[in-house]
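In case you want the letters, here they are:
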Amino acid sequence: MTMQSRSDSPALPQRRPFAKRLLDGLKPSRLTVPTFLLAWSFLVIAPLVVIVLFSFLQVKAYRVVYTPSLDTWISLIDSGRWMAAVRTLRIGITMTIIEFVLAFPFALWLAKGCRSKTVKAMIITLLTIPFFLDAASRIIVWRSILGQTGAVNTALMSLGITDAPIDWLLYSEFAVHFGLLGTHFPTMVFPIFMSIALIDDDYIQASQDLGGGPAQTLFNIIIPMALPGIVAGIVFTLVPLMAAFVEPQLLGGGFVDLLGNSVNSALQQLKYPTAAALSTVVVALLGICLAVLVLVTRRRYDMASMFVAIRR
Amino acid sequence: MLTDPITRPSSAPARDAGTKPAQPILEVIDATHAYDGVVALDNVTVRAAPGEFLTILGESGSGKTTLLRLISGLEKPYRIGALRLGGVDVSEVPAFQRDCTTVFQNYALFPHLTVGENVEYGLKMRGVPVAERRTRARNALELVQLADKYDRRIHQLSGGQRQRVALARALVPQPAILLLDEPLGALDEKLRVDMQVELLEIQKRLGMTFIYITHSQEEALTMSDRIILMRKGKIDQEGPPTAIFDRPVSAFAARFMGVENCFEGELIELSGGQAQVQVGERRLRGRWSGRSIPKVGAKVAVGVRAERLHLGPVAPTAPDHNVLPCGAGGAIYKGKYLDRTVTTDIAPIKVRIWNASAVTDQPSRVWWHKDDCIVMDL
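Protein chains in written order, with my numbering: chain A, 17 to 328; chain B, 3 to 380.
Heads up, some of the hints might be wrong.
Straight-line distance between alpha carbons at most 30 Å, and here's what the computed DSSO-like set of lysine-lysine pairs gives [as the list claims (entries may be wrong)]:
no. : chain 1 : residue 1 : chain 2 : residue 2
1   : A       : 128       : B       : 78
2   : A       : 133       : B       : 78
3   : B       : 192       : B       : 151
4   : B       : 301       : B       : 352
5   : B       : 126       : A       : 128
6   : B       : 78        : A       : 136
7   : B       : 338       : B       : 192
8   : B       : 297       : B       : 234
9   : B       : 372       : B       : 192
10  : B       : 151       : B       : 126
11  : B       : 192       : B       : 297
12  : B       : 126       : B       : 206
Reference listing, derived: stretches of chain A covered by chain B, where coverage requires no fewer than 3 residues with Cβ under 8 Å from a Cβ of chain B [unchecked claim]:
no. : region
13  : 207-220
14  : 232-241
Here are some chain B residues the structure puts well away from chain A; computed CB gaps all over 10 Å [stated by the list, open to error]:
no. : residue
15  : 147
16  : 192
17  : 242
18  : 335
By construction, these hints were calculated from the structure, which means they are not laboratory data. A quick note: this is a predicted structure, and the numbers were derived from the prediction, not measured. Using N, Cα and C, we set each Cβ at its ideal position, and we do this for glycine too.
The following block holds chain A by itself, in its conformation from the complex (with noise of 0.2 Å):
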């Protein structure tokens, strides 16, 4: 009965301005998925669209023709360029490997082991640097270091270590492996080092009350809780590997062809469909790596159950 009347009342709460209904009415979740879907193909996804399809055209006395073909496509497996799709994978995979190996136990020193604030923040600092320096200007300091006539070749041949200049050390694998090392280690370094931070000291220390030495802590408890970082770490490295063109194209000097050059060099030659081609096998090697490494991380662990744990 006083429900009846309640509703009936002319009581009715004062309309408030349609703007301030709307902000109101507007869950974070209603207002953010569509604008970041939005967003998101307008920005990233129709432009690959549009490479994918720009690759069956063909360019013709600099103009478009907008015939499909698999021209570009046969052209690029005959003239053996896909070789440098299989070189780039290999370079990137050990590149992000070499990476790992090295960034892992400096994050977990930063995040566990280093006990000086004032070191701590210095490190993060530095570890910036490739972040605000252009990478040209960055890599062709190499050049005259690692060059035959350059301070590593000049060294050895004073010291009497070798006679001849060692001629991989520039234009070579090595020279490329060794540009990118640089630029690439503060990407796997930083999510590695903030997932660590954020275990708990008491779950290490849980691990060793009940037994655990060292390495099963570091098995058993680091790597797990860190794995988030670690898989963010590897996209974040993998990822720009794959589209790396400076360093292959300052420091391999045309002896090392990767797809990120590759794609460059064909601009400037305005291949555009080749260079659309090209950039297709990027993307579409990069979806099949990441697939994989989600496939192989969640058959083991529980991603999306881990950001929860870790959370609490």
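For chain A, the structure is supplied; the task is to place chain B on it using the hints.
Just chain B now, kept in the frame of chain A:
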């Protein structure tokens, strides 16, 4: 039916074989530790007998957690005479090789493992085969009444359940000593009381040595075989619960054990355990319970529990009572009893009245028997 949930596997050597029962299972001798120049432990010596439930009682910052961490090896002492577990010096042995486990205050259950994997963890670290550790983990979960939660994740459990999992995880490796760092601190009142009983039953059943840390005197009194009361990194008093409760050696111990009324006074006479103390204008008599016999004229503390006080218009005239004239003060209703404060010329005194109907509005006398009056070190 549950017979003996944690049975020692036949392969493991019996721990107490060949040792005399008199030999302490734990000896911490002259431990000193400091954090950033602040002394946390000051020459503390602790011994525990096998199967003993030893409680380390103290306020936060008294050094009790530091002591526990020294025993477990998670903290390396600044200076220590000896640290022996089962007669073997372990002061240089790292935490993961010591035969003791800890139930942490916040449980520290591994969030990426299931309940069962958490409980098995200690056995896995010791290389126990999968089948055996699974059986033993299930048995331990049965012991803490969580047998059906084996495959759950930690974040799916309630606070009380997490506490039990932490206990099971620490029990499964069958340590010589179980260290418990305020394990019931995060639980609500009712659960805490239930868990006290359960912990005690498990301890008696397994005959394991428990070193239990708490800041709650009620918890310490209920559960312990022996209590060590700590104050500012030192041991203030140690002994069985009844001794500490009835005969606190200092005003600090007395207040910690719930002696509501403590006064400062000057010792006038001490003979045969009977003391006379001058407090303000009054002369009070009580039994001496301090550490050493002080000189006449020394400053001492006089304590009396609120429930041992009587209020009324006329005091008994027998000479074995301390009687003070008093005026009415405030009263706090506590359900089972009434806490009444009366003013005297020494200090305000808190009186506990169990029979609320017997309250006189205007009491003029407060008195207590001299045997209920404790005289101790300040």
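Evaluation of the provided hints:
For the given pair, residue 128 of chain A sits about 17 Å from residue 78 of chain B by alpha-carbon distance, which is consistent with the 30 Å threshold. For the proposed pair residue 133 of chain A and residue 78 of chain B, the alpha carbon gap of about 22 Å is at most 30 Å, so the pair holds. For the hint pairing residue 192 of chain B with residue 151 of chain B, the CA-to-CA distance comes to about 22 Å; that is within 30 Å, so the pair holds. In summary, the hint linking residue 301 of chain B to residue 352 of chain B is supported, as the alpha carbons are separated by about 23 Å, within the 30 Å threshold.
The straight-line distance between the Cα atoms of residue 126 of chain B and residue 128 of chain A is roughly 24 Å, inside the 30 Å bound, and the hint therefore holds. The straight-line distance between the Cα atoms of residue 78 of chain B and residue 136 of chain A is roughly 24 Å, inside the 30 Å bound, and the hint therefore holds. Restraint check for residue 338 of chain B and residue 192 of chain B: the C-alpha separation of about 17 Å stays at or below 30 Å, so the hint holds. Between the alpha carbons of residue 297 of chain B and residue 234 of chain B the distance comes to roughly 26 Å, so the proposed pair stays at or under 30 Å and holds.
Of the pairs offered as hints, the one joining residue 372 of chain B and residue 192 of chain B is violated, with about 37 Å between alpha carbons and a cut-off of 30 Å exceeded. Restraint check: the Cα-Cα separation between residue 151 of chain B and residue 126 of chain B comes to about 19 Å, which is no more than 30 Å; the hinted pair holds. With a C-alpha separation of about 47 Å, the suggested pair residue 192 of chain B and residue 297 of chain B falls outside the 30 Å cut-off, and the hint is violated. For the suggested pair residue 126 of chain B and residue 206 of chain B, the alpha carbons sit about 26 Å apart, so the restraint of at most 30 Å is met.
Residues of the region 207-220 of chain A with a Cβ under 8 Å from some Cβ of chain B number 3, which satisfies the need for three, so the listed coverage holds. Only when three residues or more bring their CB closer than 8 Å to a CB of chain B does the claim for the region 232-241 of chain A stand; here the count is 6, and the claim holds. Every Cβ of chain A is farther than 10 Å from the Cβ of residue 147 of chain B; the closest lies at roughly 22 Å, confirming the non-interface assignment. Even its closest Cβ contact with chain A, about 24 Å, leaves residue 192 of chain B beyond 10 Å, as expected for a residue assigned away from the interface.
A cut-off of 10 Å between C-beta atoms confirms that residue 242 of chain B is not in contact with chain A; the least separation is 29 Å. The non-interface label for residue 335 of chain B is consistent with chain A: the shortest C-beta to C-beta separation is roughly 38 Å, beyond 10 Å.
In terms of the numbered hints stated before, the structure departs from hints 9, 11, listed from lowest to highest.
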